[in-house]
Structures are given as C-alpha cells and as structure tokens.
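Single-letter residue listing:
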Amino acid sequence: MINLFRAFFFKLARDITFRVTLFIGLGMAFFMMFLYMMIDGIGGAHFLCTGNNMFVSSFNPSQNFGLAIPINLVSFTVLEFTHGIIRNKIVAGNSKCKIYISLFLTGLIFSLTLLFAYVGLSTLLGTIIGGFNANGRAMLGVIATDWSTVMSPDFIWRYVVANILVYITVTSFAIFVSTLFRNVGPCIPLCIIVAMLLGAFFPMISQIPDVARKLGDSVLFLNPFQVIGNPERIVEEIQTPEMYYWKSTFVVSDYHLLATTICNLGWSAIFTALGTLIFVKRDVK
Amino acid sequence: MFIVETHDLTKRYSGKAVVDHVNMHIPEGSIYGFVGENGSGKTTIMRLLTGIARPSSGSFEMFGVKNTDPGIYAKRKEISAIVETVSLVPTMTALDNIKFQEIYLGIKLTPERRQELLKVVHLDEVGKKKVRNFSLGMRQRMGIALALMNNPKFMLLDEPMNGLDPQGIAELRDLLIEINREQGITILISSHILSELEKIATYYGFISHGKIIEELTVEELQDKCRKSTTIKFADIEQAYKVLKELNVQDFKTFPNGDVKIFDDLDIGEFVSKLHDKKLKILSINSTDESVEEYYLNLVNGGKKE
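Heads up: the protein sequence lines correspond to chains A and B, in order. Under the numbering used here, the residues of the first sequence are numbered 330 to 614, in order. Under the numbering used here, the residues of the second sequence are numbered 19 to 323, in order.
Accuracy of the hints is not assured; some may be wrong.
Straight line, CA to CA, 20 Å or less: simulated SDA-like cross-link-like pairs of lysine to any residue [said to hold, decoys possible]:
hint : chain 1 : residue 1 : chain 2 : residue 2
1    : A       : LYS610    : B       : ARG30
2    : B       : LYS93     : A       : ASN332
3    : A       : LYS614    : B       : ASN56
4    : B       : LYS93     : B       : LYS126
5    : A       : LYS610    : B       : ASP87
6    : B       : LYS146    : A       : ALA342
7    : B       : LYS117    : A       : ILE345
8    : A       : LYS427    : B       : ILE121
9    : B       : LYS117    : A       : MET330
10   : B       : LYS147    : A       : LEU341
11   : B       : LYS117    : A       : ARG343
Everything labelled a hint here was simulated from the structure, so no lab data went into it. This one's a predicted model, so the numbers in the text were calculated from it and none came from an experiment.
For reference, chain B alone in the conformation it holds in the complex (with noise of 0.2 Å):
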C-alpha cells in the first residue's frame, strides 16, 4: 500500500516544467530517500504534496484521497513537513512557537509532552531565547520538534540535515529510524549528503531533471551497486585488448587509464595472467558502487557535473 502516488504530476513554471509527468509511489512505512541534483525538482514535489502549491497538470493521491478531494484537508492533519526552511515565528521563544502551532493545528499538548518534545531535540534548556537568536542547527532541530508535534503518520523533511553539525545528523538519523520503526511514520526525505540517507532509506526514488528516473527499494538497490575492481593501467589501449583476450565481459574504461571491471575475479589469479600479458598495472582497487556512484551513473553515465 502507498501512501503517496502520483499520477503524471507536472508542475511548471514560466512554461518549464521543473516536475515533468512525475509518477511517484511512497510505500507505506518506508523511509523514501529521495536523491537528485539541486533543482531535480524533489522540492517542488513536496510543496506539491502538501498544498503549498498547486500542480499544473496530473494529481496525486495521499492515504487514497485525491488531491482535488476536500477530504485532502483533514489528511493533511496527519502530516507534517519541513520544506525548503524551518517555518518559526522569529519573535516567540522555542516553547511558544510549540503551543502556537498546537493552536493551528487543533491539539492540545500537556507541559510534559511539550518539554519531552524540546528534550528530543536537544533544544530543552534555550529557556527564554527567542527563536530569532537561534543557529541555523537549532532552527532546524527546532522543524524536527514541531513536525513530530501532531504524531503524524508522514513526515515530509526537505533536507532536514543541512546545518546540522556531524553529532546533529547522527542524532537525527538515529531518531528517524526510531519513529519510523517504533511508530511506523512514513518519511520522504531529500538529503545531499548520500552517504547518510544510505544509512537510513528503506525505499529510493531517483529524480533528475523533474522526472523520475528510477525507483526501487533499497534491497534491489544493493543488487544493482554491483561490486567492481578498478585497475590502472600505463597503456589503456593495450589492456583493453588484452581484457579482450581474457574473456573479461563487463567492464568500462576511462581516459585516465581506469579501467572498472565488473565480473567477478579471482584478484590473484588475474593479476597474474595480466602480469604474464607485459601489461603494467599501476593501482588496483576493489570496491562496491556507493547510492552516489549508482546515481550519478543513473543519470549521467558517471560523470560529476
């Protein structure tokens, strides 16, 4: 069951369509890390998701209500979002922006649960500060706060680790597998920094020029970053013929002299039959495809723009 699926959802703007005929699904009870470069249109989607603006064309269904049903307003009570930066009232102190959205949101929280909320996030003793004179972190651990407020059963975090120190994204990584796994929300998430969502996704969707190119969970994921081994060699040309001559069949070469092979080899016995062959290798390495390496071969053949 999903809990988001859209339906070639476009949204353009000036004419450009920054989301082109987007065809999402977010399981349910999955962490969705959703990866693309800056201005993919993972952004857009989420302001599309939660109302903030209108599609051009296509919909959307969330909990199995369209998008042009009223009903969409009483499932967005279910929800919660950080989009593009942390919605604060810079001139209320942490604990008042807390009871001020309780008020919009039609809760009632107890003092308890207020202060347990701000323990979360670390933000407990900021006492009277005003929100104004809080860091970057602290505005966006102060978002986590407010977004946990109404235990929604979705969480939207638009790249919720951006200014948080190494400590912070620990503690926040930690948190949302907790959530998600002790009470089951669903969270689409966006990040830059890869190496962390990969430590959290259960689900991936890949974007890239406002269309989505791939999704798929991260176990097909994992077979798909095939492990390989990175050879290099003094005359390129010379071992991509004797590669030739060895039988290897999957494997791509690079100017600077790499050469990335995909089949499985024996290291040993291979390196030995290339040392028989006068090929001079000058490095040799063996790793897996990172959720990086993945995408950027996704959607531009490797290459770092």
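Just chain A, with the same shape it has in the complex (with noise of 0.2 Å):
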C-alpha cells in the first residue's frame, strides 16, 4: 500500500494536471476577491469582501473551485486507467482491493490539499482587503441593514471539520464514478449535476417550511451537503447609543456536527464499498 501511494504522489508530482488544477485554483481566488470589490463597487455589498465570508463561502462543493475539485479528480483517476497504470499496477502483484482503497485515499489527499490551498488564499485575501470578522457587514445579509457576523474559533474548527467530512464523500463519489464508467464523459457531467442538487436544491427547498416539517431532521441525516450548506445562525438585536444592528454569530452545534459526520461517513462507506467491489468483480481494459 505504501508503495501505491509512493507512486502516486511521483505521477502527481510529474503530473501537468494537479500543478494546473492547484494554479487555476489560486487564479480564481484572486478572480473572484476581484469580482467581489466590483461587487462592492456598484452596490456597496463590502461585505463580500471579508476573510469570514471567504471563509465560508470557498468551502462550497458546489460552486466555483468546489465544483473544479472532483472534476479534476475523475479527470486524474480515469487516466489512470486510460494510460494503463492500473493495470500495471495489478500485474506488479497488488490486489485490487489495496488498488482501489488507495485511489481513494491519495484522491483524498488530492481533494484536500487543492481545498486548502484555495480556502486558504481565499480567505487571506478577504482578511487582507476587509478584515476577518469585519465590523458590521454579513453574507447573505440584506444590503440596507446593518449586519455584524461573527465567527468563532469553535464555529471554525467545527466548519472546517465538516468540511473535510463533506471533501470525503465528494473524493468517494468521484472515485466511484471514475472506476464504474472509466471515462470523464459521464463522470464530469455526473458530479456537477449531484453537487448542485446537494449543495444548492435540497438545502433550498428544505428551507420551505412545509418541505422543512415534513423531512424534519432526516435531511441532516441524508444530505451530506446540508450542515454546510445551511450552516445555523443565531441572531440578536443589539441596541448602542450609536446605532442599531443585528449580530449574527454562525453555529455548528453538536447534534449538527454528529449528524454531518454520520451521513457523510455512511455515504463515503457505501460509495467506497460499492467502487471496491466493482472494481474487484470487472476486468481491467
């Protein structure tokens, strides 16, 4: 196993794809900062322009770099196929299973690492031009109001936990996908479209009060997405002789915590399974 992964981070090393992934995941840190101030610009949202929203919203799996990350992955596992490194790897003498587990766990080192690097900048450069935890300004906030967000450091270890259980069900879904169709053709289509349903529809509509009562608590539960795709508020009114504005301070409580890492840890599983014992039972081209 050791030797599989060895190898891996040689080819990745070598390889023009994760250099490029990693570089047009730093350019879009810096496009969309970019994008933001001109945001900022015409209609004064200066609140995108904070390290905490950059924080936040450059975990998302479902859109912008999020979105780029398991696209890569599929693109780098399925040419291990294609270039026949997976059947050079079978004839070396390692059985399929030890091939399969550690395709997903150097994808997830792949994962993390290009994650980590664009939140990291991303967030550098929100601190840089606005502040982390900036006075008065909140994501998402209504432009006329006065909002303060605050992020705690309990908030962040819990976000970023979260995070990286939600990055452990993207790389086994993507891994999943590359080992079943062997080709980016259906793969790359196939992770944007469930990425957007998890990350975007599902939270959306569970936000409807009907939809909400009827699923209850199950959602947490099912979609891996939705702890970070809706991550808790809780808001105050605060009154100063200054002025007046509402505080918002982000939450990820430990039923929430529990619950992500249940679904997700589940979900990486049956994935992982699955891809595993497909990838036993077919024959390699």
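Put the complex together from the two separate chains, hints included.
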C-alpha cells in the first residue's frame, strides 16, 4: 500500500493536471476577490470582501473551485485507467482491493490539498481587504441593514471538520464514478449535477416550511451537504447609543456535527464499498 | 516442471466463450510461442494469467500457486508483462517511467542499472523527451525495458514485435534468446510473425477459437513439419490415377493442379516415371512445411482465412 501511495505522489509531482488545477484554484481565489470588489464598488456589498465571508463561501463544494476539485480528481483517476497504470499495478502483484483503497486515500489527499490551498488564499485575500470578522457586514444580509457576523474559533474548527467530511464523500463519489465509467464523459456532468442538487437545490427546498416540517431532521442524515449548506445562524438585535444593528453568529451544534459525521461517513463507506466491489469484480481493460 | 498450468480455464464475454476450457502447460525455462488467429483468445489468456481479467470458470497455477490463493499476489511480483499495449505515463520521460514503475514494484534500481535498461532497448539517448512523443517502436522498446526491470522469472509478451522495424525485431529476438538462455527467464510470446517465432520458440501452443489445439516441443514440431514435394500437373485427374498406380501413399491434391507428396522420393527417378506415363509436369518444388503451414493445416486444413 505504501508503494502505491509513493507511486501516486511521484506521478502527481510530475503530472500537469495537479499543477494546473492548483494554479486555477489560486487564480480563482484572486478572481473571486476581484469580482467581489467590483460588486462592492457597484452595489455597496462590502460584506463580500471579508475574510470570514471568503472562508465560508470558498469551502462550498457546489460552486467555484469546490466543483473543480472532483472534476480534476475524476480526470486524474480516469487517466490511471486509460494509460494502463492500473493494469501495471495489478500485474505488479497488488490486489485490486488495495489499489482501490489507495486510489481513494490518495484522491482524498489530492482533494484536501487543493481545497485548503484555495480556502487559505481566499481567506487571506479577504482578510487583507476587508478584515476577518469585520465590523458591520454579513454574508447574505440585506444590504440596507447593518449586520455583524461573528465567526468564533469554535465555529471555525467545527465548520472545517464538517467540510473535510463533505470532501471525503465528494472524493469517494468521484473515485466511484471514475471506476464505474472509466471515462470522463459521464463522470464530470454527474459530479456537477450531484453537487448542485446536494449543495444548492436540496438545502434550498428544505427551507420551505412545509417541506422542512415533513423532512424533519432526516435531511441532516441524508444530504451530506446539508449542514455546510445551511450553517445555523443565531441572530441578536443589539442596540447601542451610536447604532442599532443585528449581530449574527454562525454555529455548528454538536447535534449537527454528529449528523453530518454519520451522514458523510455513511455515504463514503457506501461509495467505497460499492466501488471496491465493482473494481474487484470487473475486468480491467 | 511447469511455470503455468491451466485447468479448463474459461472466459466468457456476454455468454460467448472466448477462452474455452483451456488446458495449457508452459514449461519452466521455455520460450513458449503462442500461435493463433486474431480473436483466438491469446490475449485473453494473457490477461487472465496476469490478473487483469477474472476467469469465468476453471483455474490456473502459476509457480505452483493457484490463482485463487492469496499467495498469487506475491508470485505476480516475479512476472512482467506487455499485454495489448505498453502502459506508460505519457507525460513522463523514459527515465521517470522507470522510476515510477520501480516504486510500485517495490524495488530500487541504481542509476547505472536504469541507464543500462534504456541502453538495452536503445533509448539511452532520448533525454528529456516525453513518452507521448515516442514512436510506436520506441514505446514498444520502452515496454520491454520496463518488463526487464524486476528481473522476472516469467515474461508474458503479447505481440512484442508490433511496430518494430526489421532491425528492432532482430534485436528483440536476440535479447529474448539471451535472457532466456542466460537468466533462465521463461517467456510466453505471441506473434503474428511466425517466421520470427520459429527462430526463438522452444515450445509451441496452437490456439483457435478459444481452444488449445495442440502443445508440442520444437523437436516434436520439426518432426511433424514434414518434408514435401509439390508438383503442378496439367491434368490433375490423370495425375491422381498415375500416383495411385505408382503406389504413392501420402499425397494431397489441390484444385489448382498442385499435388503435395509427403513420401520420401528420389526426385529424378520419380520424374522419369511420370514422364514414362506421359504426364505433363508444369512445375516442381521441394519444401519443408513451416510453422505457419503446420498451423494452417491444423486449424483449417491448409486454407488461409
């Protein structure tokens, strides 16, 4: 297994896919910052150009670079099949089960490295321009109203853990579809559609009161993106002699963290088990 | 002792058996020439032996270890293979491809050994050229270099001569003979260039439509590839009668007027007898049957498909 990991990183270091993806990610961080500054300039939405906003939004697996990660992971994995690398690994005496698990684990390192590079740079740029936990403005707020969003260290570590869990699911899904189809053609649209549904559509419809009532907490255990798609926000009304404003605090409760852990590890286990089974049973071309 | 023995090895795709109850025996130290038409199942058998494909039924033993035994993974480290196409990372150089394969084979070669491998296949001067810019022949040679990396005990080479120029074919032939004789590496090799196989194989396996028709040593094959005399007659019917009269036992007639006689003949005396019988001879040829002819006779009575 160690040799399979070492081989993966040797290839990664010499492969253009990873470097190009990293370059795109870092470029995208600058682009998003530039875009937010433009919006800020036009509409006064200066809450966008803050470290805390960039931190929360750049993790999102269903938009921007969050979508590029599984796409590139799929390309990298499919090439392992089309270049015959998987075939060589089998002939070299590695069991298919070991090969699949090594694909998943190395894919996870691939995803998380890219993700944290992007999130890190985005947050840094946002903080340089607008500060972190900057006074007065919050994401998704009504522009006419003053908001203050507080991101505590407690929220930050919980949010990071929740996102790592989400990217474990994303990676297991990307490796699974790559093994299933061995062709980027169906894999890439599938990754995009699933990410859109889980990250945008389902969290959105589950906000509808009737739907929310019917779904109850089950959605937390079914949709792996649910918790990070809808971070809980505690809103307080604060009045000082100088101004009146709303203060919102993001939280990821113990219950939500537990739910997202069970949900994501569950889905990851299902995709990895199914992928291993298919990989072991099917012939390699 | 056999390096590989298969027992009713079968592979079906969509219900159709492409390898059909094959019982194959590859003797240790041999160069096993695997001969068969396109789609006969040669590549599929190699895929089954290397673990790339799973048998539908039947089994095989490699180095005495059954394919279902977990010990087969360790034994596979003692083999190397080129099956269908050479698997290379196109974005890497030849040297990096060697280093890459070293890692997952779990071996460490010295820089000198790496250079030596590239030199053996005449790729020592490609420098930083990426493999994607290699010609078919260069890729094929690169595959041979990779196959030699782990000092295998058993090599499976599927059409390794494809894409090589005549000089490359001759060099590969010499290299395979050398590693077989000096290092005792057993080689399973398939090739459509039967004249080349004839020069290196010490054992033959003939396969057609997924079934092994015959396995034999090169000596047995030589005995079977009979010497023959082919005579073209103007009148084949009359020739048939005369040959019977002259008590010729073993011959075959062909519609184009050819008669192939396998009896040991004194050509001069025989021709004079035919002349006495007023038979008109258009041409006469003495030949030894080649592996190709033997194979064609074996699978379809001499007709080329």
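How the hints compare with the structure:
1. A:LYS610 x B:ARG30: holds, 14 Å
2. B:LYS93 x A:ASN332: holds, 17 Å
3. A:LYS614 x B:ASN56: Roughly 18 Å separates the two Cα atoms, so the pair holds.
4. B:LYS93 x B:LYS126: holds, 19 Å
5. A:LYS610 x B:ASP87: With a Cα-Cα distance of about 16 Å, the restraint between A:LYS610 and B:ASP87 holds, given a limit of 20 Å.
6. B:LYS146 x A:ALA342: It holds: about 16 Å lies between the C-alpha atoms, which stays within 20 Å.
7. B:LYS117 x A:ILE345: holds, 18 Å
8. A:LYS427 x B:ILE121: holds, 15 Å
9. B:LYS117 x A:MET330: Satisfied, since the Cα-Cα distance of roughly 17 Å is no more than 20 Å.
10. B:LYS147 x A:LEU341: With a Cα-Cα distance of about 19 Å, the restraint between B:LYS147 and A:LEU341 holds, given a limit of 20 Å.
11. B:LYS117 x A:ARG343: holds, 12 Å
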